[in-house]
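Protein chains in written order, with the UniProt record's numbering: chain A, 1 to 494; chain B, 1 to 435; chain C, 1 to 249.
Treat the hints as calculated values from the structure; they're not laboratory data.
Honestly, I wouldn't trust all of these hints.
[Said to hold, decoys possible] List time: in silico DSSO-like cross-link candidates among lysine-lysine, alpha-carbon distance up to 27 Å:
1. A:Lys34 x A:Lys93
2. C:Lys3 x C:Lys18
3. A:Lys47 x A:Lys211
4. B:Lys7 x A:Lys77
5. B:Lys333 x B:Lys365
6. A:Lys228 x A:Lys47
7. A:Lys429 x B:Lys333
8. A:Lys394 x A:Lys429
9. A:Lys211 x A:Lys93
10. B:Lys57 x A:Lys359
11. A:Lys108 x A:Lys20
12. A:Lys211 x A:Lys154
13. A:Lys77 x A:Lys228
14. A:Lys471 x A:Lys359
15. C:Lys151 x A:Lys429
16. C:Lys3 x C:Lys14
17. A:Lys394 x B:Lys57
18. C:Lys18 x A:Lys429
Single-letter residue listing:
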Amino acid sequence: MPAVNETLETVQSVTQGTYKWGFETDIEMEFAPKGLNEDIIRFISRKKGEPEWLLEWRLRAFKAWQAMSEPRWAAVKYPPIDYQDAYYYAAPKRRPKSLDEVDPELLKTYAKLGIPLKEQEWLAGVTTSPDGTARAPVAVDAVFDSVSVATTFKERLEKDGIIFCSISEAVREHPELVRRYLGSVVPPADNFYSALNSAVFTDGSFVYIPKGVRCPMELSTYFRINAKSTGQFERTLIIAEAGSHVSYLEGCTAPMRDENQLHAAVVELVAHDEATIKYSTVQNWYPGDAEGRGGIYNFVTKRGACRGARSKISWTQVETGSAITWKYPSCILQGPDSVGEFYSVAITNNFQQADTGTKMIHLGPRTRSTIISKGISAGHGQNTYRGLVRISPKAVGARNFTQCDSLLIGDRCGAHTVPYIENRCMSAKVEHEATTSRIAEDQLFYCRSRGLSEEDAVGLIVNGFCREVLKELPMEFAVEAQKLLQISLEGSVG
Amino acid sequence: MNVVTHKAGAAGFLHRFEGLRERLPGGRLPWLAALRDGAAEAFRAQGFPTRRVEAWKYTDLAPVAEAGFDEPLTAVDDAMDLPPPLAGARAVFVDGRFRPDLSSLGGLPFAAASVAHGLDALEGRLGALARPAEEPMAALNTMLFEDGLLLDLPEDADGGVLELLSLATASERPAAFHPRHLVRLARGARLTLIETATAPEGARYLHNPVFEIAVAEDARLTHGRLQQEAPRAFQLSTVYARVAAGGTYDNFTLNAGGRLVRNEIHVALVGPRAACHMNGAQLLVGEQHADTTTALEHAAPSCTSRQTYNTVLMGRSRGVFQGRILVRQAAQKTDGYQMNRALLLSPEAEMDSKPQLEIYADDVKCSHGATVGELDPEQVFYLRSRGIPEGRARAMLVEAFLHEAVEGVTDEPLRRALDAAVAGWWARQEEGLAA
Amino acid sequence: MLKIEGLTAAVDGKPILKGIDLAVPAGEVHAVMGPNGSGKSTLAYVLAGREGYEVTGGSATWDGLDLLALEPEERAAAGLFLAFQYPVELPGVGNATFLRTALNAIRRARGEPELDAMQFLRLARERLRALSMPEEMLKRSVNVGFSGGEKKRNEILQMALLRPRLAVLDETDSGLDIDALRIVADGVNAMRGPDFTALVITHYQRLLDHIVPDRVHVLVGGRIVRSGGPELARELEREGYAALQAQAA
Numbered sequence: 001m002p003a004v005n006e007t008l009e010t011v012q013s014v015t016q017g018t019y020k021w022g023f024e025t026d027i028e029m030e031f032a033p034k035g036l037n038e039d040i041i042r043f044i045s046r047k048k049g050e051p052e053w054l055l056e057w058r059l060r061a062f063k064a065w066q067a068m069s070e071p072r073w074a075a076v077k078y079p080p081i082d083y084q085d086a087y088y089y090a091a092p093k094r095r096p097k098s099l100d101e102v103d104p105e106l107l108k109t110y111a112k113l114g115i116p117l118k119e120q121e122w123l124a125g126v127t128t129s130p131d132g133t134a135r136a137p138v139a140v141d142a143v144f145d146s147v148s149v150a151t152t153f154k155e156r157l158e159k160d161g162i163i164f165c166s167i168s169e170a171v172r173e174h175p176e177l178v179r180r181y182l183g184s185v186v187p188p189a190d191n192f193y194s195a196l197n198s199a200v201f202t203d204g205s206f207v208y209i210p211k212g213v214r215c216p217m218e219l220s221t222y223f224r225i226n227a228k229s230t231g232q233f234e235r236t237l238i239i240a241e242a243g244s245h246v247s248y249l250e251g252c253t254a255p256m257r258d259e260n261q262l263h264a265a266v267v268e269l270v271a272h273d274e275a276t277i278k279y280s281t282v283q284n285w286y287p288g289d290a291e292g293r294g295g296i297y298n299f300v301t302k303r304g305a306c307r308g309a310r311s312k313i314s315w316t317q318v319e320t321g322s323a324i325t326w327k328y329p330s331c332i333l334q335g336p337d338s339v340g341e342f343y344s345v346a347i348t349n350n351f352q353q354a355d356t357g358t359k360m361i362h363l364g365p366r367t368r369s370t371i372i373s374k375g376i377s378a379g380h381g382q383n384t385y386r387g388l389v390r391i392s393p394k395a396v397g398a399r400n401f402t403q404c405d406s407l408l409i410g411d412r413c414g415a416h417t418v419p420y421i422e423n424r425c426m427s428a429k430v431e432h433e434a435t436t437s438r439i440a441e442d443q444l445f446y447c448r449s450r451g452l453s454e455e456d457a458v459g460l461i462v463n464g465f466c467r468e469v470l471k472e473l474p475m476e477f478a479v480e481a482q483k484l485l486q487i488s489l490e491g492s493v494g
Numbered sequence: 001m002n003v004v005t006h007k008a009g010a011a012g013f014l015h016r017f018e019g020l021r022e023r024l025p026g027g028r029l030p031w032l033a034a035l036r037d038g039a040a041e042a043f044r045a046q047g048f049p050t051r052r053v054e055a056w057k058y059t060d061l062a063p064v065a066e067a068g069f070d071e072p073l074t075a076v077d078d079a080m081d082l083p084p085p086l087a088g089a090r091a092v093f094v095d096g097r098f099r100p101d102l103s104s105l106g107g108l109p110f111a112a113a114s115v116a117h118g119l120d121a122l123e124g125r126l127g128a129l130a131r132p133a134e135e136p137m138a139a140l141n142t143m144l145f146e147d148g149l150l151l152d153l154p155e156d157a158d159g160g161v162l163e164l165l166s167l168a169t170a171s172e173r174p175a176a177f178h179p180r181h182l183v184r185l186a187r188g189a190r191l192t193l194i195e196t197a198t199a200p201e202g203a204r205y206l207h208n209p210v211f212e213i214a215v216a217e218d219a220r221l222t223h224g225r226l227q228q229e230a231p232r233a234f235q236l237s238t239v240y241a242r243v244a245a246g247g248t249y250d251n252f253t254l255n256a257g258g259r260l261v262r263n264e265i266h267v268a269l270v271g272p273r274a275a276c277h278m279n280g281a282q283l284l285v286g287e288q289h290a291d292t293t294t295a296l297e298h299a300a301p302s303c304t305s306r307q308t309y310n311t312v313l314m315g316r317s318r319g320v321f322q323g324r325i326l327v328r329q330a331a332q333k334t335d336g337y338q339m340n341r342a343l344l345l346s347p348e349a350e351m352d353s354k355p356q357l358e359i360y361a362d363d364v365k366c367s368h369g370a371t372v373g374e375l376d377p378e379q380v381f382y383l384r385s386r387g388i389p390e391g392r393a394r395a396m397l398v399e400a401f402l403h404e405a406v407e408g409v410t411d412e413p414l415r416r417a418l419d420a421a422v423a424g425w426w427a428r429q430e431e432g433l434a435a
Numbered sequence: 001m002l003k004i005e006g007l008t009a010a011v012d013g014k015p016i017l018k019g020i021d022l023a024v025p026a027g028e029v030h031a032v033m034g035p036n037g038s039g040k041s042t043l044a045y046v047l048a049g050r051e052g053y054e055v056t057g058g059s060a061t062w063d064g065l066d067l068l069a070l071e072p073e074e075r076a077a078a079g080l081f082l083a084f085q086y087p088v089e090l091p092g093v094g095n096a097t098f099l100r101t102a103l104n105a106i107r108r109a110r111g112e113p114e115l116d117a118m119q120f121l122r123l124a125r126e127r128l129r130a131l132s133m134p135e136e137m138l139k140r141s142v143n144v145g146f147s148g149g150e151k152k153r154n155e156i157l158q159m160a161l162l163r164p165r166l167a168v169l170d171e172t173d174s175g176l177d178i179d180a181l182r183i184v185a186d187g188v189n190a191m192r193g194p195d196f197t198a199l200v201i202t203h204y205q206r207l208l209d210h211i212v213p214d215r216v217h218v219l220v221g222g223r224i225v226r227s228g229g230p231e232l233a234r235e236l237e238r239e240g241y242a243a244l245q246a247q248a249a
């Protein structure tokens with residue numbers, strides 16, 4: 001198939017060019033010295049004016065981390081990481097007091113990413129979706145390297161009693177909440193990267209939705225890695241009290257560089273009785289170039305606890321970026337009748353590697369979970385779904401349905417499926433299905449005979465393949481994600 | 001999981017190997033001595049795998065490691081009660097040693113002999129497929145095997161049906177035996193090999209066979225395994241099969257006996273259009289633990305594989321299914337399918353399954369599925385609404401579930417043997433339920 | 001005679017049937033029509049005794065026998081047959097085994113001798129022929145891989161074999177083409193007589209052109225809102241349920 005080879009070449013030539021978020025912002029930064037030791041941790045804690053208990057919490061995590069070794073079970077390969085050869089704190093020098101004081105360079109940076117940080121712009125509908133319609137306002141927390149630089153719509157949200165701020169601010173303003181929930185879903189020593197994060201996390205978002213409140217707008221955080229040789233270790237904590245509802249979205253980008261940068265985040269969600277948390281991610285970290293140079297190592301621990309009866313946590317992720325993704329957004333279904341969902345699209349092109357999936361731990365009676373995973377591999381990309389469904393003896397009447405589909409584009413990539421199913425409850429029902437295939441010639445031909453270019457046909461078919469997942473994204477972001485998919489695979493044909 | 005126990009259990013076998021090293025069959029053959037030494041080294045390094053080892057995540061060998069095994073003490077002339085043969089030809093092994101006096105192999109159109117007596121000619125063949133460095137139980141077998149069945153089918157030979165009966169005897173202390181069976185089918189040959197086992201009810205032993213099977217171009221081996229070991233026995237078996245272009249290897253395993261059983265099958269499809277069907281049923285009660293682990297490698301284009309495994313669990317039993325399909329880059333036009341289903345009929349039973357796809361070629365059609373649950377209440381209601389009492393309705397659905405796994409077996413004699421074994425098993429359970 | 005009085009039922013705690021009164025004299029065929037969500041299928045399931053359909057009040061008797069107190073298989077033995085709207089697939093259960101087991105269970109309950117394999121096969125073949133169904137149907141697993149039409153015909157085949165005295169046909173016409181519809185209708189009509197009573201549940205009048213009912217009842221919002229002769233079906237086809245729904249609301 002010469003057409004295929006040709007288009008595969010096109011993919012390679014365009015992929016590098018199409019990462020349009022690869023610019024660097026020239027801004028005065030403050031760094032901690034390179035390396036990782038107790039002094040650096042004290043430095044970070046001091047910088048953020050943290051209370052003593054948090055410093056001790058960090059130091060305990062650091063001790064635990066020192067005794068741990070990197071997990072090696074994932075199907076990803078990379079050279080050893082020198083944890084001493086990186087900066088663990090990098091922040092813009094000028095710290096704004098309010099939105100008006102934000103460095104214009106930063107405002108420009110986020111504007112370039114399509115995220116206005118000025119509420120007036122949102123409200124004026126300056127930003128429009130690709131389809132031309134004005135977007136609904138979205139409250140944004142912008143995290144630039146190690147710190148949060150701005151959070152919008154705070155006053156509006158406060159009217160409903162909603163707290164949406166950086167985690168640093170939450171430590172200062174709402175210490176009782178942070179202390180109660182931090183590490184309660186992902187204990188610091190849960191794994192190598194969560195221990196590292198707990199020791200050195202610098203910023204991230206904090207959300208608290210009071211009892212019975214339905215959050216009136218989408219909340220979102222945009223993470224930007226900008227500085228060289230810097231790791232990003234953000235920490236997100238979302239608490240939804242009984243009967244509340246929140247939809248949260250995170251986006252992430254980074255400059256194009258030859259070096260690999262580490263991103264090791266921890267996200268914790270807590271849903272009380274009848275609360276719903278919808279957490280969406282459009283992960284677009286720099287994936288590295290066509291030869292596999294550079295790109296972000298994305299080693300993330302995300303976990304939600306459905307503590308209350310009939311609570312619900314829904315993870316949706318569109319993973320197009322990063323050189324390596326190691327990530328398993330999970331649900332602990334504790335409350336009776338609680339619901340966990342995981343919808344994922346992961347694309348690996350060029351030399352990208354993704355090992356991603358979920359864990360659904362059914363503890364309570366009649367808990368239900370759904371897993372829909374769509375993996376797309378192109379170039380030399382390696383894409384692994386790894387998931388665990390565990391039904392404990394008390395999860396009477398529990399249900400799980402899992403569907404994992406993989407699409408291969410080209411014959412040098414790999415698609416792997418590794419589900420673990422552990423059922424200890426007779427009345428529970430677990431169903432798992434997985435398929436691997438490529439885009440069928442007849443589908444392509446059919447589209448082309450109707451006048452579509454080969455590229456458009458692939459885009460159309462891939463979008464169709466991912467539809468079940470994309471439709472879970474909040475409206476405002478679905479179009480963006482769809483476009484991103486197309487860009488990530490532009491021109492590829494299988 | 002107790003690492004110390006695992007180490008001590010392994011040390012017992014290593015100690016025995018050191019004591020017997022010179023006296024084991026083929027002790028004078030340098031190639032074999034080297035093979036055994038290499039295996040011993042691998043077993044020393046790995047020991048009995050703990051559950052930390054990914055391939056053994058769901059099966060804990062502590063009961064085996066703890067047991068403390070002796071040499072089988074069978075005297076050559078012990079009188080034996082043999083079950084009636086399934087087909088005409090039968091090779092009989094007692095405690096892992098070939099017994100020509102009990103076997104009936106006359107008039108076969110191919111060579112069937114004892115591995116122990118043919119070792120001189122087996123250099124390069126014995127050990128060609130087994131991987132002691134990867135599979136510790138194969139290492140244990142290589143280190144200590146004494147005998148096995150050696151089958152050679154010439155080109156286009158129709159070998160008919162051959163039964164391989166393994167007998168274990170009861171003795172004071174549990175015995176361990178590690179037969180090594182070698183099967184080779186030349187181009188166009190065919191054979192149905194059916195394994196059966198029998199032992200006194202109370203016998204405790206470890207049966208640790210390794211099969212090395214080579215299926216040449218357009219040859220076809222149907223390999224049936226009726227695992228009905230004694231209730232307190234351990235069986236840990238490893239099958240390696242390599243299938244050339246246009247060849248077929250079919251494996252059907254019924255896991256119904258034993259206290260702790262692992263049935264591990266590695267099949268490599270190395271020539272175009274090779275095919276493999278692996279089916280099985282696990283029927284578990286009481287404290288039984290049964291593990292079926294398959295690894296299917298598609299290394300050549302246009303090969304087909306089909307796998308269906310059904311497990312029925314009662315009592316406090318535990319079932320494991322691990323199935324990996326690996327499709328290499330060269331294996332375009334691969335068609336691979338795998339299904340494993342489990343029926344939990346008791347609140348204390350547990351099923352763990354880990355199907356796995358690892359795919360490096362793009363023009364492939366691969367899928368797997370897994371379900372675990374109890375009987376579907378909709379189906380039960382449908383049957384009841386037609387007048388069938390609840391108990392009978394449930395039994396019908398269990399029978400259908402078992403039947404489904406056997407369905408894929410096209411070989412008539414094997415099918416009959418399986419049907420009888422499955423029906424017999426279910427009848428015993430029904431009786432138990434009724435009582 | 002089927003007699004339903006003040007029958008109320010709930011699914012997942014939500015009331016669906018809100019007081020059904022209905023009497024079908026022996027030997028008659030009555031139709032129950034209604035829009036989607038009116039409770040038609042719930043009525044069918046409640047009569048057959050499906051789990052999860054909770055009777056909260058009222059009664060349903062068949063020749064004085066309290067149906068609601070019986071297990072599903074006891075109702076079948078008493079002569080009740082439900083033709084499912086969505087017949088259930090039973091992988092691995094052969095159609096012949098299934099039919100013979102069911103038939104013999106019912107015969108046993110009625111004190112009739114059981115049929116052996118040969119007798120059964122003869123009977124089954126005869127019924128198959130009458131329904132223009134291929135014999136191969138007996139060899140397949142129950143409803144597995146059957147088309148929508150084949151599943152419905154399989155339901156009618158079961159009815160023809162089990163010879164119920166009271167049949168409840170739940171949307172048997174849905175998904176049938178005109179030829180299949182005629183076969184199904186013929187199957188039902190062939191059973192009509194003083195010993196055969198039926199409740200035909202349907203959304204459309206179409207089936208009732210072929211199975212002409214003695215009476216038509218309209219179910220809206222969990223209650224019978226109107227009853228009449230066969231002409232009522234035609235009127236509904238013309239005018240729709242909207243007026244009746246508005247009236248019931």
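Verification of the hints:
1. Distance check on the hinted pair: Lys34 (chain A) and Lys93 (chain A) sit about 17 Å apart at the alpha-carbon level, within 27 Å; holds.
2. With a C-alpha separation of about 16 Å, the suggested pairing of Lys3 (chain C) with Lys18 (chain C) holds against the 27 Å cut-off.
3. For the proposed pair Lys47 (chain A) and Lys211 (chain A), the alpha carbon gap of about 33 Å is over 27 Å, so the pair is violated.
4. Note on Lys7 (chain B) and Lys77 (chain A): the hinted pairing is violated, with a Cα-Cα distance of about 31 Å set against a maximum of 27 Å.
5. Between the alpha carbons of Lys333 (chain B) and Lys365 (chain B) the distance comes to roughly 7 Å, so the proposed pair stays at or under 27 Å and holds.
6. Of the pairs offered as hints, the one joining Lys228 (chain A) and Lys47 (chain A) holds, with about 20 Å between alpha carbons and a cut-off of 27 Å not exceeded.
7. In summary, the hint linking Lys429 (chain A) to Lys333 (chain B) is not supported, as the alpha carbons are separated by about 34 Å, beyond the 27 Å threshold.
8. Restraint check for Lys394 (chain A) and Lys429 (chain A): the C-alpha separation of about 13 Å stays at or below 27 Å, so the hint holds.
9. A threshold of 27 Å between alpha carbons decides the hint, and for Lys211 (chain A) with Lys93 (chain A) the separation of about 38 Å lies outside it, so the pair is violated.
10. The suggested pairing of Lys57 (chain B) with Lys359 (chain A) holds, with an alpha-carbon distance near 17 Å, which does not exceed 27 Å.
11. A C-alpha spacing of about 15 Å is found between Lys108 (chain A) and Lys20 (chain A), which places the hinted pair at or below 27 Å, so the restraint holds.
12. A threshold of 27 Å between alpha carbons decides the hint, and for Lys211 (chain A) with Lys154 (chain A) the separation of about 18 Å falls inside it, so the pair holds.
13. A hinted pair counts as satisfied when its Cα atoms are at most 27 Å apart, and Lys77 (chain A) with Lys228 (chain A) qualifies at roughly 23 Å.
14. Straight-line distance between C-alpha atoms of Lys471 (chain A) and Lys359 (chain A) comes to about 22 Å, which keeps the hinted pair within the 27 Å bound.
15. Between Lys151 (chain C) and Lys429 (chain A) the CA atoms are separated by roughly 26 Å; this keeps the pair inside 27 Å, and the hint holds.
16. For the proposed pair Lys3 (chain C) and Lys14 (chain C), the alpha carbon gap of about 24 Å is at most 27 Å, so the pair holds.
17. Using a Cα cut-off of 27 Å, the hinted pair Lys394 (chain A) and Lys57 (chain B) holds, with the two alpha carbons roughly 23 Å apart.
18. Restraint check: the Cα-Cα separation between Lys18 (chain C) and Lys429 (chain A) comes to about 33 Å, which exceeds 27 Å; the hinted pair is violated.
Checked against the numbered hints above, the structure breaks hints 3, 4, 7, 9 and 18 and satisfies the rest.
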